[in-house]
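> Heads up: the protein sequence lines correspond to chains A and B, in order.
For what it's worth, numbering that gives the first Met the number 0 labels the leading residue of the first sequence as 0, then goes sequentially.
For what it's worth, numbering that gives the first Met the number 0 labels the leading residue of the second sequence as 0, then goes sequentially.
One or more hints might be untrue.
Calculated lysine to any residue pairs in the SDA-like style (CA-CA distance at most 25 Å, straight line) [said to hold, decoys possible]: (1) Lys92(A) - Glu9(B); (2) Lys63(A) - Glu9(B); (3) Lys49(B) - Cys73(A); (4) Lys138(B) - Phe83(B); (5) Lys29(A) - Val48(B); (6) Lys37(B) - Phe83(B); (7) Lys92(A) - Lys37(B); (8) Lys39(B) - Glu19(A); (9) Lys39(B) - Tyr33(A); (10) Lys1(A) - Lys37(B); (11) Lys28(B) - Lys63(A); (12) Lys77(B) - Cys73(A).
Everything labelled a hint here was simulated from the structure, so no lab data went into it.
The chain contents come next:
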Amino acid sequence: MKDFTLHPEALELKKLGFNEPCFGYFNKSKKLNYDFCGTYPFDNCPVNLRAPTYAQAFRFFREKYGLFVEIKCCNTKIINGTFEIEISRLNDKMYGHYGYETYEEAELECLKKLIEIVKNK
Amino acid sequence: MEEVKKQGMESLFVPYEIALVLRELGFDKPCLGYYFGKDKQVYTSNEDVKPPFMPSLDSKVMFRAPLYQQAFRFFREKYGLIGFISFNEKSTFRIETLPHSNIKLNSYKEKYFDNNGELWNTYEEAELACLIKLIEIVKTK
Chain A
0 MKDFTLHPEA LELKKLGFNE PCFGYFNKSK KLNYDFCGTY PFDNCPVNLR
50 APTYAQAFRF FREKYGLFVE IKCCNTKIIN GTFEIEISRL NDKMYGHYGY
100 ETYEEAELEC LKKLIEIVKN K
Chain B
0 MEEVKKQGME SLFVPYEIAL VLRELGFDKP CLGYYFGKDK QVYTSNEDVK
50 PPFMPSLDSK VMFRAPLYQQ AFRFFREKYG LIGFISFNEK STFRIETLPH
100 SNIKLNSYKE KYFDNNGELW NTYEEAELAC LIKLIEIVKT K
């Protein structure tokens with residue numbers, strides 16, 4: 000499934016305080032397991048890492064940090080068909096970039112950028 | 000199988016009625032949730048995403064409950080149609096739909112939608128409205 004964040008980003012999300020139930024987790028070998036992990040007893044297991052979906056990750060940044068993302072398609076003649084991302088907080092456009100070949104590529108880059116913004120603030 | 004009622008995870012799945020329409024439109028990807036009969040409560044299960052899988056899931060009695068992100072991907076990949084939510088300075092949301100380069104709905108142009116002159120107050124409301132709009136576009140083409 001393309002719906003889950005990757006291990007490196009899941010780890011960063013945990014460091015930033017993400018602690019919600021998830022539909023999967025990464026085991027010690029960083030392999031994604033599709034097993035529900037709630038708040039207990041999962042928290043007592045230091046080996047496993049929650050695997051948020053992208054929607055959960057973006058919701059985390061909206062709700063905890065007030066950061067909003069837009070991922071859309073560039074519709075100009077020159078870069079038609081590629082994707083662009085925009086990150087904003089209220090009136091403030093914080094980041095924008097375009098030229099991603101796939102939505103999934105844009106989505107991952109967007110998440111990496113959100114993590115970077117929060118870590119550097 | 001576990002009934003989803005913890006901390007809003009159910010909000011990640013499309014509602015019952017939308018899931019039914021998506022099935023009609025051809026959505027058939029493995030899902031992390033399903034609906035049972037006329038029960039509008041979503042249930043989670045990993046049986047559809049790992050072997051030996053769950054063939055009974057796509058029946059008249061049980062059917063898949065896609066995540067919102069799966070539903071939006073379905074419209075991108077099957078219809079070349081992108082829906083997304085914009086956030087504005089008044090802390091409200093609006094929705095936009097536009098074609099991707101491999102557009103199959105040739106006559107469709109980029110469009111903005113509001114909520115009868117207003118905008119949506121939450122991301123989740125806008126997300127649902129956007130999905131309903133995508134369905135409407137595909138059904139009326």
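> Each hint: holds or not?
Checked hints:
1. Distance hint between Lys92(A) and Glu9(B) is unfulfilled; the C-alpha atoms sit about 31 Å from each other, more than 25 Å.
2. Our distance criterion of 25 Å between C-alpha atoms is met by Lys63(A) and Glu9(B), whose separation comes to about 19 Å.
3. Distance restraint check for Lys49(B) and Cys73(A): the Cα-Cα separation of roughly 35 Å exceeds the 25 Å cut-off, and the hinted pair is therefore not satisfied.
4. For a cut-off of 25 Å, the pair hint linking Lys138(B) to Phe83(B) stands: about 19 Å separates their Cα positions.
5. Straight-line distance between C-alpha atoms of Lys29(A) and Val48(B) comes to about 18 Å, which keeps the hinted pair within the 25 Å bound.
6. Distance hint between Lys37(B) and Phe83(B) is unfulfilled; the C-alpha atoms sit about 30 Å from each other, more than 25 Å.
7. A hinted pair counts as satisfied when its Cα atoms are at most 25 Å apart, and Lys92(A) with Lys37(B) does not qualify at roughly 44 Å.
8. Restraint check for Lys39(B) and Glu19(A): satisfied, since their Cα atoms lie roughly 23 Å apart, inside the 25 Å limit.
9. A hinted pair counts as satisfied when its Cα atoms are at most 25 Å apart, and Lys39(B) with Tyr33(A) qualifies at roughly 23 Å.
10. With a C-alpha separation of about 29 Å, the suggested pairing of Lys1(A) with Lys37(B) is violated against the 25 Å cut-off.
11. Note on Lys28(B) and Lys63(A): the hinted pairing is violated, with a Cα-Cα distance of about 31 Å set against a maximum of 25 Å.
12. A threshold of 25 Å between alpha carbons decides the hint, and for Lys77(B) with Cys73(A) the separation of about 19 Å falls inside it, so the pair holds.
Checked against the numbered hints given earlier, the structure breaks hints 1, 3, 6, 7, 10 and 11 and satisfies all the rest.
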